[in-house]
Amino acid sequence: GAGVSQTPSNKVTEKGKYVELRCDPISGHTALYWYRQSLGQGPEFLIYFQGTGAADDSGLPNDRFFAVRPEGSVSTLKIQRTERGDSAVYLCASSLSYSDTQYFGPGTRLTVL
Amino acid sequence: GNSVTQMEGPVTLSEEAFLTINCTYTATGYPSLFWYVQYPGEGLQLLLKATKADDKGSNKGFEATYRKETTSFHLEKGSVQVSDSAVYFCALSGLKTSYDKVIFGPGTSLSVIP
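Which chain is which? The protein sequence lines are H and D, in order. Numbering follows the working numbering, in which position 83 of the first sequence is assigned residue number 83; successive positions increment by one, without gaps. Numbering follows the working numbering, in which position 16 of the second sequence is assigned residue number 16; successive positions increment by one, without gaps.
Isolated chain H, as found in the complex (with noise of 0.2 Å):
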């Protein structure tokens, strides 16, 4: 079946502008997760939802970063005034229930000029 897809596969912007990156989960699963991954590093968790309320959003950065999945299904995390050291590639991840293993899907490189 259909995994996690993500669009789009790449993004470039310039520092101050606003970005949406999207993600569409497995069908079914209920529980979707955003993480950033820098150069050379592993992934870092941003925010959870489960069903459509985020659940945890302690790993998003600072004000300028939010997310929304207002149905339930499809995510959207929005980035206003980029900076250059927002560029990473953005994954987003999803579960069939909480307490499942998640699957990630290909991400988006954002890279800010």
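It should be emphasised that the hints constitute simulated quantities derived from the structure, not laboratory data. The beta carbon of each residue, even a glycine, is placed where N, CA and C say it ideally should be. Be a bit skeptical, because a hint or two may be false.
Calculated lysine to any residue pairs in the SDA-like style (CA-CA distance at most 20 Å, straight line) [to be verified]:
(1) H:K11 / D:E42
(2) D:K56 / H:T101
(3) D:K77 / D:T65
(4) H:K11 / D:G43
(5) H:K11 / H:Q80
(6) D:K52 / D:T70
(7) D:K49 / H:K15
(8) H:K11 / D:G41
(9) D:K56 / D:G41
(10) D:K56 / D:S72
(11) H:K15 / H:Q80
(12) D:K56 / H:K11
(13) D:K49 / H:S97
Covered stretches of chain H, going by a simulated chain D footprint (3 or more residues, C-beta under 8 Å) [said to hold, decoys possible]:
(14) 15-28
(15) 36-43
Some chain D residues flagged as far from chain H (calculated, every beta-carbon gap over 10 Å) [said to hold, decoys possible]:
(16) G1
(17) T12
(18) A27
(19) E42
(20) Q45
(21) K56
(22) S58
(23) F62
(24) T65
(25) T70
(26) S83
(27) A86
(28) K101
(29) I113
Given chain H, put chain D in place with the hints provided.
Below, chain D without anything else, positioned relative to chain H:
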């Protein structure tokens, strides 16, 4: 805090050599342990997992045993192939009852040469 430590890379091996990638963890509870693999240009894939002490996870010739006494989950393969070249991440989760964020190690890059 909860964390994962892996041996530093890059690791370069000849084809058919024996592979060990060390992984140790620090956790306040009893986590599940994972190895994820990231092939060049691809997303993270779950390679294997173990959910309790003394469990052995295995897949594609790779093995790792959950050692609670040494807080370790070392990855091994008896005979590596060129196609095993990738970055390997040790990870843990299951520290909370309400949800399950994954904590990753920094990754170990493996290159297998013919």
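| Which hint numbers doesn't this structure obey? | Failing hints, ascending: 7, 9, 12, 14, 19, 20 and 28.
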